[in-house]
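Put together the whole structure using the sequences plus the hints.
Protein chains: 2
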Amino acid sequence: MSRKEFTLMRASQFFISTLKEAPADAEIISHKLMVRTGMIRRLGSGIYAYMPMGLRVIHKIENIIREEMNRAGAVELLMPLVQPAELWQETGRWQKYGPELLRIKDRHDRDFIIQPTSEEVITDIARNVIKSYRQLPINFYHIQTKFRDERRPRFGLMRGREFTMKDAYSFDRDVDGLKKSYQIMFDAYVKIFTRFGLKFRPVAADNGAIGGSGSHEFHVIAETGEDALVYSRESEYAANMEAAIALPPSAERAAATRSMQKVATPGQKACEDVTNFLNQPLSQSLKVIAAIRTDIAAGEKGHFVVILMRGDHDLNEVKTQKIIGEFRFASESEIIHHLGCPAGYLGPIGLEKREDIALYADHAVTVMSDFICGANEKDMHFTGVNWERDLPLPENIADFRNVVEGDPSPDGKGTLAIQRGIEVGHVFQLGTRYSEDMNASYLDENGKPQLMQMGCYGIGVTRIVGAAIEQNNDDKGIIWPTSIAPFEVVLCPLGYDRSEAVKKTADELYESLKQSGIDVIMDDRGERPGVMFSDWELIGVPHRIVIGDRGLKDGKLEYQGRRDTEATAIPVGDMAQFVIAKVAAEK
Amino acid sequence: MSRKEFTLMRASQFFISTLKEAPADAEIISHKLMVRTGMIRRLGSGIYAYMPMGLRVIHKIENIIREEMNRAGAVELLMPLVQPAELWQETGRWQKYGPELLRIKDRHDRDFIIQPTSEEVITDIARNVIKSYRQLPINFYHIQTKFRDERRPRFGLMRGREFTMKDAYSFDRDVDGLKKSYQIMFDAYVKIFTRFGLKFRPVAADNGAIGGSGSHEFHVIAETGEDALVYSRESEYAANMEAAIALPPSAERAAATRSMQKVATPGQKACEDVTNFLNQPLSQSLKVIAAIRTDIAAGEKGHFVVILMRGDHDLNEVKTQKIIGEFRFASESEIIHHLGCPAGYLGPIGLEKREDIALYADHAVTVMSDFICGANEKDMHFTGVNWERDLPLPENIADFRNVVEGDPSPDGKGTLAIQRGIEVGHVFQLGTRYSEDMNASYLDENGKPQLMQMGCYGIGVTRIVGAAIEQNNDDKGIIWPTSIAPFEVVLCPLGYDRSEAVKKTADELYESLKQSGIDVIMDDRGERPGVMFSDWELIGVPHRIVIGDRGLKDGKLEYQGRRDTEATAIPVGDMAQFVIAKVAAEK
Numbered sequence: 003m004s005r006k007e008f009t010l011m012r013a014s015q016f017f018i019s020t021l022k023e024a025p026a027d028a029e030i031i032s033h034k035l036m037v038r039t040g041m042i043r044r045l046g047s048g049i050y051a052y053m054p055m056g057l058r059v060i061h062k063i064e065n066i067i068r069e070e071m072n073r074a075g076a077v078e079l080l081m082p083l084v085q086p087a088e089l090w091q092e093t094g095r096w097q098k099y100g101p102e103l104l105r106i107k108d109r110h111d112r113d114f115i116i117q118p119t120s121e122e123v124i125t126d127i128a129r130n131v132i133k134s135y136r137q138l139p140i141n142f143y144h145i146q147t148k149f150r151d152e153r154r155p156r157f158g159l160m161r162g163r164e165f166t167m168k169d170a171y172s173f174d175r176d177v178d179g180l181k182k183s184y185q186i187m188f189d190a191y192v193k194i195f196t197r198f199g200l201k202f203r204p205v206a207a208d209n210g211a212i213g214g215s216g217s218h219e220f221h222v223i224a225e226t227g228e229d230a231l232v233y234s235r236e237s238e239y240a241a242n243m244e245a246a247i248a249l250p251p252s253a254e255r256a257a258a259t260r261s262m263q264k265v266a267t268p269g270q271k272a273c274e275d276v277t278n279f280l281n282q283p284l285s286q287s288l289k290v291i292a293a294i295r296t297d298i299a300a301g302e303k304g305h306f307v308v309i310l311m312r313g314d315h316d317l318n319e320v321k322t323q324k325i326i327g328e329f330r331f332a333s334e335s336e337i338i339h340h341l342g343c344p345a346g347y348l349g350p351i352g353l354e355k356r357e358d359i360a361l362y363a364d365h366a367v368t369v370m371s372d373f374i375c376g377a378n379e380k381d382m383h384f385t386g387v388n389w390e391r392d393l394p395l396p397e398n399i400a401d402f403r404n405v406v407e408g409d410p411s412p413d414g415k416g417t418l419a420i421q422r423g424i425e426v427g428h429v430f431q432l433g434t435r436y437s438e439d440m441n442a443s444y445l446d447e448n449g450k451p452q453l454m455q456m457g458c459y460g461i462g463v464t465r466i467v468g469a470a471i472e473q474n475n476d477d478k479g480i481i482w483p484t485s486i487a488p489f490e491v492v493l494c495p496l497g498y499d500r501s502e503a504v505k506k507t508a509d510e511l512y513e514s515l516k517q518s519g520i521d522v523i524m525d526d527r528g529e530r531p532g533v534m535f536s537d538w539e540l541i542g543v544p545h546r547i548v549i550g551d552r553g554l555k556d557g558k559l560e561y562q563g564r565r566d567t568e569a570t571a572i573p574v575g576d577m578a579q580f581v582i583a584k585v586a587a588e589k
Numbered sequence: 003m004s005r006k007e008f009t010l011m012r013a014s015q016f017f018i019s020t021l022k023e024a025p026a027d028a029e030i031i032s033h034k035l036m037v038r039t040g041m042i043r044r045l046g047s048g049i050y051a052y053m054p055m056g057l058r059v060i061h062k063i064e065n066i067i068r069e070e071m072n073r074a075g076a077v078e079l080l081m082p083l084v085q086p087a088e089l090w091q092e093t094g095r096w097q098k099y100g101p102e103l104l105r106i107k108d109r110h111d112r113d114f115i116i117q118p119t120s121e122e123v124i125t126d127i128a129r130n131v132i133k134s135y136r137q138l139p140i141n142f143y144h145i146q147t148k149f150r151d152e153r154r155p156r157f158g159l160m161r162g163r164e165f166t167m168k169d170a171y172s173f174d175r176d177v178d179g180l181k182k183s184y185q186i187m188f189d190a191y192v193k194i195f196t197r198f199g200l201k202f203r204p205v206a207a208d209n210g211a212i213g214g215s216g217s218h219e220f221h222v223i224a225e226t227g228e229d230a231l232v233y234s235r236e237s238e239y240a241a242n243m244e245a246a247i248a249l250p251p252s253a254e255r256a257a258a259t260r261s262m263q264k265v266a267t268p269g270q271k272a273c274e275d276v277t278n279f280l281n282q283p284l285s286q287s288l289k290v291i292a293a294i295r296t297d298i299a300a301g302e303k304g305h306f307v308v309i310l311m312r313g314d315h316d317l318n319e320v321k322t323q324k325i326i327g328e329f330r331f332a333s334e335s336e337i338i339h340h341l342g343c344p345a346g347y348l349g350p351i352g353l354e355k356r357e358d359i360a361l362y363a364d365h366a367v368t369v370m371s372d373f374i375c376g377a378n379e380k381d382m383h384f385t386g387v388n389w390e391r392d393l394p395l396p397e398n399i400a401d402f403r404n405v406v407e408g409d410p411s412p413d414g415k416g417t418l419a420i421q422r423g424i425e426v427g428h429v430f431q432l433g434t435r436y437s438e439d440m441n442a443s444y445l446d447e448n449g450k451p452q453l454m455q456m457g458c459y460g461i462g463v464t465r466i467v468g469a470a471i472e473q474n475n476d477d478k479g480i481i482w483p484t485s486i487a488p489f490e491v492v493l494c495p496l497g498y499d500r501s502e503a504v505k506k507t508a509d510e511l512y513e514s515l516k517q518s519g520i521d522v523i524m525d526d527r528g529e530r531p532g533v534m535f536s537d538w539e540l541i542g543v544p545h546r547i548v549i550g551d552r553g554l555k556d557g558k559l560e561y562q563g564r565r566d567t568e569a570t571a572i573p574v575g576d577m578a579q580f581v582i583a584k585v586a587a588e589k
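From first to last, the protein sequence lines stand for chains A and B.
Sequential numbering of the first sequence, starting at 3, is according to my numbering.
Sequential numbering of the second sequence, starting at 3, is according to my numbering.
Any given hint could be a false lead.
One copy or any two copies: either way a pair holds, since identical chains are not told apart in the list.
Calculated lysine-lysine pairs in the DSS-like style (CA-CA distance at most 30 Å, straight line) [unchecked claim]: (1) Lys107 x Lys34; (2) Lys181 x Lys98; (3) Lys133 x Lys505; (4) Lys182 x Lys505; (5) Lys193 x Lys133; (6) Lys584 x Lys516; (7) Lys506 x Lys182.
Please keep in mind that the hints were generated in silico from the structure rather than gathered at the bench.
If you're wondering where the values come from, they're calculated on a predicted model, not measured in any experiment.
Given below as structure tokens:
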């Protein structure tokens, strides 16, 4: 290989002004560490400058994404940030979007938005450049700044207002084509996140209006994650809690052993309180949830909804909305108006006769026996209640609850476990949602116009920076995976400006690492060893080499990996190969 | 070298939908060709999507800039697009900027702008991260989207509203340091524009408030350029017309040979008309320009200004403003009010006695003799006028005029020539303009705060795309310099899907070029040769190789450079090395 020219990356250029303390507004560890390492600087609420060390991480993330998108056959373009309102009016999102869509006016009083996403623009491009079935399939992507005017920006890069995303949009002739394009993107995402060196999990996501397995989220696993991820320990099944399926219970309902009794439960309203008061397990209680359908007028049939749940189960609002439609929870006064009893004492007995109430129950409720429920009378509950003896089973049974650890996996294989994750990617089968509104069609083999089938595929570039840190840190600081570290290797010469031997060895090692394509930085700041080491531990560069006169006397340098507890002495002549092999193994 | 994985770049992915006709709103050749080649797509006035082929050019430009900026010791960061108004209020630019500054409000009704430039943000960063003289000098740069709400966006990427720029900002301890940083950037720019493969010229620019040689523009030479560039054929002197110095005439004034006469010139107002009417050369006439100082109230001394010019010379407004201050041209009624005579018949005789008129003359006027001027009386002029005989020489003599071809170079070496250029870069010594308003200081060796000396250095990334095309095109289309071409080489197989020999040869050639780092695209579209060739000539890829059965029978392929008039047959086995050498020679 020919000798390349190189630029010495010097720590003194990078403004390593590591802080002992994080700012008060930093609530999570990634935000704290990014501010402490000077990777980002806040300029306004949810608006940051990416400082040189932080931008290097972002560029590495972008380059991995770009390589894998190209490899998957996607083609890069760049859509503008400021987009004409007209396109957003065509799809109705100009009206539908809330205040997080930043609407602006230009000097001629024309309406524009600053892009939070680009479905409209890419659909406009597609309907203009794609004429024939012969041009399909195609997948366009761009890596671009976006803006969402979050009401309460927080968590540093995790929920900022200005951020960077990769968005890809596929166009296909039919649903089969869309499914293929979707699978190609899914596979590319697995490669991308694997290359990032992050522990991640793709999970089935709620896919809104489209049925089937039309949407997956990619999560970086982290205890601090906002989302609960459900997965089977024995199979591939994985879903966001919102979308995770709870199977109907396989066990039969136990026979009744107790008689129904009305008991006084003064002031005991929550299921927990009632079962504690009666010294019974929470799972023996029946929870009654009153809801109002927002798509049906008050007084109309179906407006007032009651859902029966097992006391220890939580309602899954996303699944619930799919079953009953748009809803909100009923207020206390609405509950009293419809049921004549305050919340906390509600029960199912008698509700089956009410024409004006839509009664539903979760699957798990159907196998309860000898259960406790409200008596529809203040301060009173029933115990020993049994279906079909004391009241009929509700007719409308469905999956209303969040799954819990140990539930059977819906694919029949093993049981479910739950972990937390940070959503950093999303693949989605859009179908004709946008092509229909914007009339994006192509001519098929018969010369007939057909709507294009679209998919969209996002990765939160700047969000990944935060998520990577949430997953990889310790009390010393960040621990970067090698592929996205700001630098792969740091050289810490002790006395770079004092000892000729140290300088010569450091410079030669720098050059041989650089020639082998290693991304290395020289700490030329002349700081004390303790400061140097703790700075680089805080910054999280994965490999550190110390060059000092003491070691050089024995012909040795010190190597320490960021996760190592102590340094290893390596002969000077072997160090380059040693580190090159380490980096290669990790990328 | 180890064998690399590669992705086949296929023409079919790039939506080569070349158009015969350019859209009506495209006024200049670069705009027409970019639209015709599908490199850009208009989404709104001055707002474009960069399609895949166009984005490749932009990325190549960005990468060359990035490499040379890093090499020059600058450090990349990224400042946000949406910037808080507060910073712009600190420097007064929130108020001073016109409507091209897009001001926006967020959901909490707070003021922001979409960045047209980033002096405020970088100065804010600098005052926060730079504490000590030991941290200086430093040069930060970013490559970022910008927005200027132009009143009348036009010329495609040449004057769009959303565009990409590289901006660097240097911070120094003192003026000497600033001058060094400035020179480093100047040299880096020369390298960058040389690597682009463009004919360019750095010229001294008007540097507003700062004296000395504190500002240079970098222009791409093109006949269609908006700017006139002045340069000496015999020296390094070069300046924008706005800033080019006209030396005082070295010749003595010729002696008077004619007597002064008042002649009737009915209806002859412009100097051209008067001299034509009198059958004299234009250079024998004296032009009288009446102006109003806008910084002096009406009625105050100095408010009304008269400038005397040689009839064939043009007033240079930038130089004029430096001499007399902010001004505008006087209206006809203002002229009549002050001089009692309509424009067209004005002359200097008698004006020297007027206390209420500030009288100036350009140097060239002082050596005129036997000249023609207005008689300050409708339809009347004087001929044979001579200084010091008929009227005194004005006291205030200065350089008011645009230089003309053949003028002596102000450095005393040779004569001046003029060519046209497109401004694509600007380096500027800001001094303490921003550090003073924003109190960006560092502590010197004595612990005393000192203001940082700043420089700023811009390159219009997307503008270069347009400028490169303006400079390099013919009636077939664009002719890209190799270093910024969307692809360096295009393979045109004739019958890629029909002939196994053609496909095999094309694929192997593709791979061996790719392995050598050549940026090559395969035209897999199956178009007829004529269509294929004219498409690639329009797109302007610099090297084309045709693979056909007819040539293969003789073991030959056809090579044609974009500027070549005919193709050359090259043995199959030699082609890769032949093209690799061509590309290497051009980069």
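Quick check: which numbered hints come out false for this structure? 5
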